[in-house]
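> Sequence:
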Amino acid sequence: MRRIFLIQMMLSAALVSTASCTAVGPGTDGQEQSESGSCIVLYCSRTGNTERMAQTISTALGCDMIEVVPETPYEDDYNAMLDRAGAELAAIEQGDYPAVATSVENFDTYDIVFVGYPIWYGHMATPMQAFLHEHADLLAGKRIALFASSGSSGIGTSERDAASLVPDAVFTESLLLTSSSLNSMESLVPVWLDEVQISDNQTNADMENNKIRLTVEGGRTFTATLVDNTSAQALVEQLAKGDITVDMEDYADMEKVGTLGISLPRNDRPTTTGPGDLILYQGHNFVIYYDTNSWNFTRLGKIDNVSQTELKAALGEGDVRVTLSLEH
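Using our numbering, you'd call the opening residue of the sequence shown number -5 and step up by one each time.
Some hints here could point you the wrong way.
With a straight-line Cα cutoff of 27 Å, these simulated BS3-like cross-link-like pairs (lysine-lysine) come out [to be verified]:
(1) 235 / 205
(2) 306 / 205
(3) 306 / 136
(4) 205 / 136
Hint data in this document are derived by calculation from the structure and do not stem from the laboratory.
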């Protein structure tokens, strides 16, 4: 598979109303949060584009949101701001993160954390990098959904930033909105929320019984939750006839891939993967991702509750044999 980064032409507009999901967890930046629920929207924004995305997601899900703000505000002058951003990115490469004025005491009551930011020089904006760096231990094991705004850059480098900053989090499908088309998010947000499995018509509870088991030869066994499409349904039908063993090889230091020995229906679409994503490629190749990639292929599901570090260790280096079976 060629590794490329697609600029997803998605944009913002009206607020939508779908599932209810109210955030919990004390913030220490003076912003009050509600006392029940399971998700939160964190964002940083300078021009307001990412803030509008955050507001749309927050309204759609009933989530509270918290703005991550730098301790020292950015300059109004755009060029001066760019110079400072470039200097901060260079400092981060040396392990020196800029100070932020926002913190959260814990994420214990959140099932999913939405993290939004603008893309600067291809990377995640520095205030959000600093926030994730400071909260990495608290975010370990959490599901994180990234959303970003960009003038023209892709999202792939910033996804790698996030995976490096919080290596033990579980990352879902990301959302990128570009400045070339800020018009119609109302129809696209529900699609994205379906991808992260928290909308009305596809919640985690809805998919609780749509499970398979993956057994790594000589190693661990994982469960995975399948998405609701004809590809995953066909895979379940095949597994009802018997287990499928896939001989998989490493590709590009981001995935394990091998042929299923059968062809399944394709539901290809531009997709950005994260660790634990199960993908169907060209209708007959089964792929387990342990890193990010963007391409046009079919999503099958996601391994449950596994971090990138844990998954890479279980799959090992080089070839590996994985057996798929139904979870009863």
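> If a hint holds in the structure, say so; if it does not, say that too.
Hints, verified against the model:
1. With a C-alpha separation of about 16 Å, the suggested pairing of residue 235 with residue 205 holds against the 27 Å cut-off.
2. Taking the CA atoms of residue 306 and residue 205, the gap is near 21 Å; set against the 27 Å cutoff, the hint holds.
3. Between residue 306 and residue 136 the alpha-carbon distance is near 17 Å, which keeps this suggested pair within the 27 Å criterion.
4. At most 27 Å may separate the alpha-carbon atoms for a hinted pair to count; residue 205 and residue 136 meet this at roughly 20 Å.
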